[in-house]
Structures are given as C-alpha cells and as structure tokens.
Amino acid sequence: MVKIADIREPSTSVNILAKIVSLREAKSSRNGSESIYHYGILGDETGTIQFTAWSFPSSVREGDIVELRNCSARIYNDRIRITVGSGSEVVLMPEGKMEVKRTYEERAIKDLKTSDPYVTVTGVITGVSSRETEIKGEKVTLYSGFIDDGTARVRISSFGVPLKEGLRASLRGARVTEFNGRLSLTVGRQTEILEASEPEIQMSRNHLIWEVTSPVGNVSFSGIPVFVGERSGIVTKCSECGRFTDAEGCRDHPDAEKVMDLSCYFTLEDGTGSMSCYLEGDTLKEFLGFSGDLNSADPVEIHQLVVKSLECIPVRVTGDLSIRNESMRMRVHSIGKITDMEISQELLEGD
Amino acid sequence: MEFSKREPSRWIFSRELRDSTQTEGSETDERMRPYIVTPLGTRLKRIFFCGTITTSSIEENSSRLVIADPVGSFYVSASSAGFNEPVRDEMSKFNTGDRIAVMGKVSIFKAETGNFLFTINPERIWSADDALRNFWNARTLIIARRRVLAIKEAQKLEKPSEMMLIRLGYSPEEAHFALLAVNRYKDYDYSRFIESATTSVRKDQSDEINRAKKSILEIIDRHSDDQKGVSYETILGDAAAEGIDKKIIDDSLNALGNDGEVYEVSLKRFKRVS
Ligand SMILES: [Zn+2]
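So the protein lines, in turn, are chains H and B. All residue numbers for the first sequence refer to this note's numbering, where the first residue is 109 and numbers rise by one. All residue numbers for the second sequence refer to this note's numbering, where the first residue is 350 and numbers rise by one.
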C-alpha cells in the first residue's frame with residue numbers, strides 16, 4: 109500500500125487504501141462507441157489525488173473507503189492521476205474510517221487551470237455585489253466579485269458565503285471553472301475564506317505570452333504588434349447594444365442611432381508567442397493622441413495613423429483574456445510605449 | 350475581427366541559428382518546410398530579429414542583405430518570384446548602415462561540408478529605432494537565458510520529463526524545448542553562448558552611449574564660442590537631428606559630467622572642461 113502523498117511519478121502498479129472524496133459520472137465516446145466512466149477525488153491521511161475509472165463498482169458511493177489494487181499513476185494535463193483500469197480491483201471496506209487531509213495547492217491566479225480544479229488562491233477581493241437567487245427551491249444569496257493576487261485577476265462567485273470588499277483573503281478549496289470563455293473561481297460549501305496577511309514578495313503581472321495559458325484577467329504583456337487589422341480605425345456601433353454595425357445599421361435594433369468610435373485589433377508577439385489584442389474608445393484615442401472629431405475625420409488617414417502608431421512599436425498592453433473559437437485574445441484596457449527604463453529593468457531582472 | 354492563426358515568430362540571436370544542426374520534418378519537400386531545432390531547443394520556422402545592414406545587394410532577380418545583430422549575422426534573401434516581390438521592393442529602400450527589423454521564414458541549405466546554411470526569406474521589413482533594437486536585444490537575451498536555465502535543470506535530472514520541469518516553474522513550451530535541446534545537442538557549450546550574448550548586448554548598448562558622447566562633444570565644440578556654454582535645447586536639437594534618442598542624449602550628458610569632460614556653467618547650459 110502506498111500513501112497518496114508519496115505518489116509522485118508515473119507507475120503501473122499502485123495499491124492504495126482511500127476514501128472516495130468525490131465521485132462523478134461522465135460519458136465518453138471512444139472509437140465511435142459511447143461508454144460511461146467515473147472520475148473524482150481520492151483521499152487519505154496524507155492528501156488527495158484525482159482519479160479516473162473505466163470500470164467501477166456501482167455499489168461504491170461518495171464517502172466510502174475502498175482498497176484499490178493494481179491501478180496506475182499517470183500524467184494527465186501536467187498532473188498526476190490514478191487510473192482504475194480493467195485490470196484493477198476495487199474492494200469496498202464497509203467498516204473503514206478515515207480522516208482525509210484536504211490539500212489544496214496554493215496557485216498564482218495566472219497559473220489556474222480547469223484541469224486542476226481545487227486550489228487555494230490568495231489575493232485582494234474587489235468589486236463585490238450580491239443578488240438573491242434560488243437553487244433547488246432554496247433561496248440563496250449569490251455574491252460575486254473579483255480576486256487579484258498581483259499576477260492576474262479572476263471573477264469569483266460565492267453561493268451563500270459573503271465576500272468582503274477590499275479584504276485580502278485566502279480562498280482554500282475554491283473551484284476553478286470556465287464560463288463564457290473566461291476563468292472564474294467558485295466558492296462553495298467546502299471552501300474556507302481566511303483573512304490573509306500582506307505578501308512578502310511583490311508579484312508581477314508582466315508575463316511572457318507562453319506563461320499564460322488560461323483566460324485570466326488583468327495581465328500585462330510587452331511585445332511588438334506585428335499585424336494591425338485591416339478594419340482598424342473608425343467604426344460605427346449600435347447605440348442600443350454597442351455592437352459593430354455596417355451601412356445597414358444594427359440587425360437587432362434597426363432604428364437605433366449609429367455612433368462612431370475608434371477600434372483596432374492587432375497581433376502582438378513577444379518572442380515567446382502571439383496574442384490577438386483588441387482595443388477601442390478612449391484608451392485607443394489617448395494612445396494615438398487623437399482628439400479630433402470622428403465625424404469629419406478621413407477614415408483612410410485614421411487607419412494609417414493606427415498602423416503607424418502600432419506596427420513594430422514596442423508596447424506594453426494590460427487587459428483581460430478570453431477564449432473565443434479556441435483561441436485566446438486580449439481585450440486591452442491600457443496600452444503604452446515601452447520606455448528604455450523598462451528595458452534596462454527587464455535586463456537587470458534577468459541577472 | 351479576424352485573427353489569422355499563424356505560427357508566431359521566434360526571437361533568437363543569429364548565433365543560435367548558425368549553430369543549429371538539427372531539423373524536424375522533411376528537408377526535401379519544398380512546400381513542407383522543416384522545423385529547425387536550435388541548440389537552445391527552439392523549434393522554429395519563422396523568426397523575427399533586429400540588426401544593422403552590413404551588406405546589401407539589390408538586383409533584379411534576387412536581393413540579399415546581411416544583417417548584423419550583437420553576436421553575428423543573419424542572411425536575408427528575396428527573389429523576384431512569387432509572393433516575395435513586394436518585400437523585395439521594400440528591401441531596396443534600405444542602405445548599408447540602416448537598422449531594420451525583419452520577420453521571415455528560414456530556408457535551409459546543406460553545404461558540401463554537411464553543415465546547414467540558413468537564409469531568411471523576408472515576409473515583413475520595418476525600419477528599427479533605438480527603442481525597438483533595445484527591446485529586441487533585451488527580450489531575446491532573456492528568452493535565451495531562460496531556455497538555458499531550463500536546459501541546465503533538465504541536464505541535472507537523471508530522467509528528465511516535461512512535467513518535472515513544469516513543476517520547477519517552467520512553462521509547458523519551455524519544458525518541451527528544453528528536452529528537445531537535451532536530446533538533440535549533447536555537447537553544446539551553453540555557458541559560453543549566454544556569456545557572449547550578454548556581453549555583446551551590453552556592449553551594443555554602451556557603444557550607443559559612446560557614440561552619442563562623441564557627437565555631443567562635437568556639438569558643444571561647434572556652438573561654444575563664448576563663456577556661456579551651449580544650451581541643453583541646442584544640444585537636444587542637434588543630437589536629435591543626428592537621430593539620437595532623447596533618453597540616450599540625457600544619459601550621455603550625465604556620463605560626460607561624471608567623466609569630468611563637461612560641466613554645467615549655468616542652469617541647463619553646458620561647457621567643455623578644457
Ligand atoms: Zn443593436
């Protein structure tokens with residue numbers, strides 16, 4: 109028998125005694141045929157580990173203690189997991205009792221992944237709002253807000269547990285989910301919210317593109333816009349819904365007024381990857397140094413101004429990431445040229 | 350908004366490309382350009398770099414540029430055939446001594462010695478100022494340093510795996526590239542690579558200050574015909590006309606002050622120490 113905390117490397121013959129902390133069922137279609145499999149979390153006195161079972165006794169429930177024989181430990185999505193295969197044995201221990209040590213690894217927000225769903229995150233809670241909602245016929249207050257740890261920011265939803273504006277807190281056992289192409293954290297019954305002290309090290313939100321693989325918010329990249337979109341420049345938008353319109357006007361609001369705005373999109377490269385960025389409105393106007401009237405401006409000139417101000421100019425962008433059509437993009441909320449000071453700083457940091 | 354899904358460019362110094370001996374994929378099929386795997390494990394088809402033109406030969410059928418970065422040279426070549434034409438016209442606008450940034454795909458040739466030779470077929474060319482050059486130098490050096498750190502970490506492990514490197518804090522791609530390097534290049538001298546790149550990048554930046562210092566002294570000599578010295582605005586104006594950045598002018602003036610070559614006679618008026 110091996111303890112969960114000692115499972116660190118792939119292995120083909122793992123025997124453990126564990127409690128079923130959580131158990132879920134899912135369908136998979138492999139080779140055209142559908143099959144049911146189970147997944148969840150196993151725990152013992154030393155920690156917890158995720159598992160996937162291709163065959164699993166239907167009598168086993170959450171909270172049961174089981175002996176698992178001949179399982180394998182495999183790496184999946186950068187994490188080690190237990191796989192219960194056809195050659196494995198699952199034996200229910202009806203009299204068993206076990207205190208499970210819940211271990212949630214502390215993660216930087218920029219490193220959160222849905223494939224590693226239960227974590228501890230420490231940061232400052234902001235933008236808290238609440239509303240009443242109903243879950244399974246029961247009235248619950250849903251609190252939402254953001255948490256920012258200096259590396260990035262994500263939305264938090266908390267069912268029932270109040271969030272305190274401005275509090276520096278550790279969310280122990282929060283669940284990482286993805287909604288609308290953006291990452292968020294859910295505070296549930298098992299999540300503890302603990303007041304946290306100030307961090308010893310200042311975290312940086314300036315990342316290299318290759319380091320950020322999840323759609324988190326409030327991150328910065330410095331790089332070079334290499335392609336500026338053809339339709340960057342003056343755009344018209346529906347005054348009702350804010351979406352781009354063509355000459356015909358908005359499809360949903362044909363009677364709504366059309367408003368002119370500045371908008372641009374570009375591909376930023378930083379030597380480690382590329383990021384599709386878009387920005388508009390005052391942020392863009394300020395960056396371009398444009399203060400004229402859009403109604404009387406020449407669209408071609410404005411397009412050229414956007415290209416000239418961005419293309420191959422080192423810039424730092426800060427914004428929120430989201431996933432659309434399987435690719436990541438950034439809605440930029442601030443942009444500025446990179447100064448020589450920042451470049452020397454970067455060189456020093458590399459020492 | 351349409352974003353094209355294209356392979357991002359890798360930022361590497363010329364020496365990393367020159368020292369490459371490994372490829373991945375077909376070397377013969379023209380349409381299927383193979384990936385180059387560099388000693389630092391960078392797997393690339395497209396690169397982006399910044400440097401100064403040292404040789405330029407613009408001809409009707411094919412144009413060539415040799416572009417120096419801090420540690421060597423890139424060879425850029427465009428033929429009049431096909432998609433390359435607009436960029437070839439672009440190439441002809443630049444002269445020897447100009448600083449440019451190039452994005453392009455890398456072509457591989459096998460020399461008689463068996464070594465690979467690389468040329469870059471440009472897709473885009475831009476004129477590059479100090480800010481761009483400094484940023485590219487700094488960032489490219491940092492990426493190289495991080496790659497080498499990951500490689501050295503992998504070399505320490507008995508059976509290195511991507512996951513082990515990821516646990517040590519490297520990004521998935523860094524971990525992948527580090528293993529490529531470890532598996533493909535056994536005896537590469539990484540310390541020497543980083544040392545030479547670091548020294549060259551620093552020298553590049555200090556060369557710039559030294560050139561600017563010389564220019565500023567000349568400007569002061571040119572204008573200084575009385576006791577009042579030369580105004581900061583005059584220095585700024587003349588130096589800017591020579592294409593020197595304001596930041597570099599300020600740094601150089603400070604450096605000249607510290608060197609005891611120049612002093613401030615009155616507020617923002619400078620004179621040579623004679
Ligand atoms: Zn509308």
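Derived from the structure by calculation, the hints contain no laboratory data. Using N, Cα and C, we set each Cβ at its ideal position, and we do this for glycine too. A few of these clues could be false.
Said to hold, decoys possible - 27 angstroms max Cα-Cα, derived DSSO-like pairs, lysine-lysine:
id: 1; chain 1: B; residue 1: Lys-505; chain 2: B; residue 2: Lys-535
id: 2; chain 1: B; residue 1: Lys-595; chain 2: H; residue 2: Lys-445
id: 3; chain 1: B; residue 1: Lys-617; chain 2: B; residue 2: Lys-595
id: 4; chain 1: H; residue 1: Lys-416; chain 2: B; residue 2: Lys-454
id: 5; chain 1: B; residue 1: Lys-577; chain 2: B; residue 2: Lys-595
id: 6; chain 1: B; residue 1: Lys-577; chain 2: B; residue 2: Lys-563
id: 7; chain 1: B; residue 1: Lys-442; chain 2: B; residue 2: Lys-459
id: 8; chain 1: H; residue 1: Lys-393; chain 2: B; residue 2: Lys-617
id: 9; chain 1: H; residue 1: Lys-416; chain 2: B; residue 2: Lys-595
id: 10; chain 1: H; residue 1: Lys-345; chain 2: H; residue 2: Lys-366
id: 11; chain 1: B; residue 1: Lys-552; chain 2: H; residue 2: Lys-416
id: 12; chain 1: B; residue 1: Lys-454; chain 2: B; residue 2: Lys-442
id: 13; chain 1: B; residue 1: Lys-595; chain 2: H; residue 2: Lys-393
id: 14; chain 1: B; residue 1: Lys-552; chain 2: H; residue 2: Lys-111
id: 15; chain 1: H; residue 1: Lys-247; chain 2: H; residue 2: Lys-111
id: 16; chain 1: B; residue 1: Lys-535; chain 2: B; residue 2: Lys-562
id: 17; chain 1: B; residue 1: Lys-535; chain 2: B; residue 2: Lys-563
id: 18; chain 1: B; residue 1: Lys-552; chain 2: B; residue 2: Lys-501
id: 19; chain 1: B; residue 1: Lys-508; chain 2: B; residue 2: Lys-563
id: 20; chain 1: H; residue 1: Lys-445; chain 2: B; residue 2: Lys-535
id: 21; chain 1: H; residue 1: Lys-445; chain 2: B; residue 2: Lys-562
id: 22; chain 1: B; residue 1: Lys-562; chain 2: B; residue 2: Lys-508
id: 23; chain 1: B; residue 1: Lys-577; chain 2: B; residue 2: Lys-562
id: 24; chain 1: B; residue 1: Lys-552; chain 2: B; residue 2: Lys-577
id: 25; chain 1: B; residue 1: Lys-577; chain 2: B; residue 2: Lys-620
id: 26; chain 1: H; residue 1: Lys-445; chain 2: B; residue 2: Lys-596
id: 27; chain 1: B; residue 1: Lys-459; chain 2: B; residue 2: Lys-505
id: 28; chain 1: B; residue 1: Lys-442; chain 2: H; residue 2: Lys-416
id: 29; chain 1: B; residue 1: Lys-577; chain 2: B; residue 2: Lys-535
id: 30; chain 1: B; residue 1: Lys-501; chain 2: B; residue 2: Lys-535
id: 31; chain 1: B; residue 1: Lys-620; chain 2: B; residue 2: Lys-596
id: 32; chain 1: H; residue 1: Lys-244; chain 2: H; residue 2: Lys-209
id: 33; chain 1: B; residue 1: Lys-459; chain 2: B; residue 2: Lys-394
To be verified - Cβ-Cβ distance ranges computed for the label pairs, FRET-style:
id: 34; chain 1: B; residue 1: Ser-540; chain 2: H; residue 2: Phe-398; range: 30 to 40 angstroms
id: 35; chain 1: H; residue 1: Arg-297; chain 2: B; residue 2: Ser-540; range: 45 to 55 angstroms
id: 36; chain 1: B; residue 1: Lys-394; chain 2: H; residue 2: Gly-245; range: 24 to 34 angstroms
id: 37; chain 1: B; residue 1: Arg-355; chain 2: H; residue 2: Val-367; range: 51 to 61 angstroms
id: 38; chain 1: B; residue 1: Lys-394; chain 2: H; residue 2: Arg-182; range: 45 to 55 angstroms
id: 39; chain 1: B; residue 1: Lys-394; chain 2: H; residue 2: Gly-350; range: 38 to 48 angstroms
id: 40; chain 1: B; residue 1: Glu-507; chain 2: H; residue 2: Glu-242; range: 54 to 64 angstroms
Here is how each hint holds up against the structure:
Restraint check for B:Lys-505 and B:Lys-535: satisfied, since their Cα atoms lie roughly 13 angstroms apart, inside the 27 angstroms limit. Restraint check for B:Lys-595 and H:Lys-445: satisfied, since their Cα atoms lie roughly 15 angstroms apart, inside the 27 angstroms limit. Between B:Lys-617 and B:Lys-595 the CA atoms are separated by roughly 15 angstroms; this keeps the pair inside 27 angstroms, and the hint holds. At most 27 angstroms may separate the alpha-carbon atoms for a hinted pair to count; H:Lys-416 and B:Lys-454 meet this at roughly 24 angstroms.
Of the supplied pair hints, the one linking B:Lys-577 and B:Lys-595 holds, its CA atoms being roughly 23 angstroms apart against a limit of 27 angstroms. With a C-alpha separation of about 21 angstroms, the suggested pairing of B:Lys-577 with B:Lys-563 holds against the 27 angstroms cut-off. With a C-alpha separation of about 31 angstroms, the suggested pair B:Lys-442 and B:Lys-459 falls outside the 27 angstroms cut-off, and the hint is violated. The suggested pairing of H:Lys-393 with B:Lys-617 is violated, with an alpha-carbon distance near 34 angstroms, which exceeds 27 angstroms.
A threshold of 27 angstroms between alpha carbons decides the hint, and for H:Lys-416 with B:Lys-595 the separation of about 21 angstroms falls inside it, so the pair holds. Restraint check: the Cα-Cα separation between H:Lys-345 and H:Lys-366 comes to about 5 angstroms, which is no more than 27 angstroms; the hinted pair holds. As the CA atoms of B:Lys-552 and H:Lys-416 are separated by approximately 30 angstroms, the hinted pair breaks the 27 angstroms bound. A threshold of 27 angstroms between alpha carbons decides the hint, and for B:Lys-454 with B:Lys-442 the separation of about 21 angstroms falls inside it, so the pair holds.
About 25 angstroms separates the Cα atoms of B:Lys-595 and H:Lys-393, which keeps this hinted pair within 27 angstroms; it holds. Proposed proximity of B:Lys-552 and H:Lys-111 is contradicted: the alpha carbons are some 55 angstroms apart, above 27 angstroms. For the hint linking H:Lys-247 to H:Lys-111, the alpha-carbon distance of about 41 angstroms lies beyond 27 angstroms, and the restraint is violated. Simply put, B:Lys-535 and B:Lys-562 have alpha-carbon atoms about 45 angstroms apart, too far for the 27 angstroms limit, and the pair is violated.
Pair hint B:Lys-535 plus B:Lys-563 does not hold up; C-alpha atoms about 46 angstroms apart against a cutoff of 27 angstroms. Taken as a hint, the B:Lys-552 and B:Lys-501 pair is honoured in the structure, with Cα atoms around 26 angstroms apart against an allowance of 27 angstroms. With a C-alpha separation of about 55 angstroms, the suggested pair B:Lys-508 and B:Lys-563 falls outside the 27 angstroms cut-off, and the hint is violated. Proposed proximity of H:Lys-445 and B:Lys-535 is contradicted: the alpha carbons are some 41 angstroms apart, above 27 angstroms.
Straight-line distance between C-alpha atoms of H:Lys-445 and B:Lys-562 comes to about 25 angstroms, which keeps the hinted pair within the 27 angstroms bound. Annotation: proposed proximity of B:Lys-562 to B:Lys-508 is violated, straight-line Cα distance about 53 angstroms (limit 27 angstroms). A hinted pair counts as satisfied when its Cα atoms are at most 27 angstroms apart, and B:Lys-577 with B:Lys-562 qualifies at roughly 20 angstroms. A threshold of 27 angstroms between alpha carbons decides the hint, and for B:Lys-552 with B:Lys-577 the separation of about 35 angstroms lies outside it, so the pair is violated.
Restraint check for B:Lys-577 and B:Lys-620: satisfied, since their Cα atoms lie roughly 8 angstroms apart, inside the 27 angstroms limit. Between the alpha carbons of H:Lys-445 and B:Lys-596 the distance comes to roughly 14 angstroms, so the proposed pair stays at or under 27 angstroms and holds. Between B:Lys-459 and B:Lys-505 the alpha-carbon distance is near 33 angstroms, which puts this suggested pair outside the 27 angstroms criterion. Using a Cα cut-off of 27 angstroms, the hinted pair B:Lys-442 and H:Lys-416 holds, with the two alpha carbons roughly 18 angstroms apart.
Between the alpha carbons of B:Lys-577 and B:Lys-535 the distance comes to roughly 65 angstroms, so the proposed pair goes past 27 angstroms and is violated. Restraint check: the Cα-Cα separation between B:Lys-501 and B:Lys-535 comes to about 12 angstroms, which is no more than 27 angstroms; the hinted pair holds. Annotation: proposed proximity of B:Lys-620 to B:Lys-596 holds, straight-line Cα distance about 20 angstroms (limit 27 angstroms). Annotation: proposed proximity of H:Lys-244 to H:Lys-209 is violated, straight-line Cα distance about 30 angstroms (limit 27 angstroms).
Only pairs whose Cα atoms come within 27 angstroms are accepted, and B:Lys-459 paired with B:Lys-394 is accepted, the gap being roughly 16 angstroms. Under the hint 30 to 40 angstroms, the C-beta atoms of B:Ser-540 and H:Phe-398, about 49 angstroms apart, miss the expected range. In this structure, H:Arg-297 and B:Ser-540 meet the distance hint of 45 to 55 angstroms, their C-beta atoms being roughly 53 angstroms apart. Look at B:Lys-394 against H:Gly-245: about 58 angstroms separates their beta carbons, and that is not inside 24 to 34 angstroms.
Distance hint for B:Arg-355 and H:Val-367: a CB-CB separation of about 33 angstroms, inconsistent with the stated range 51 to 61 angstroms. Distance hint check: the CB atoms of B:Lys-394 and H:Arg-182 are about 32 angstroms apart, inconsistent with the given range 45 to 55 angstroms. A hinted range of 38 to 48 angstroms for the beta carbons of B:Lys-394 and H:Gly-350 is consistent with their spacing of about 39 angstroms. Distance hint check for B:Glu-507 and H:Glu-242: the Cβ-Cβ separation is about 57 angstroms, which falls inside the suggested range of 54 to 64 angstroms.
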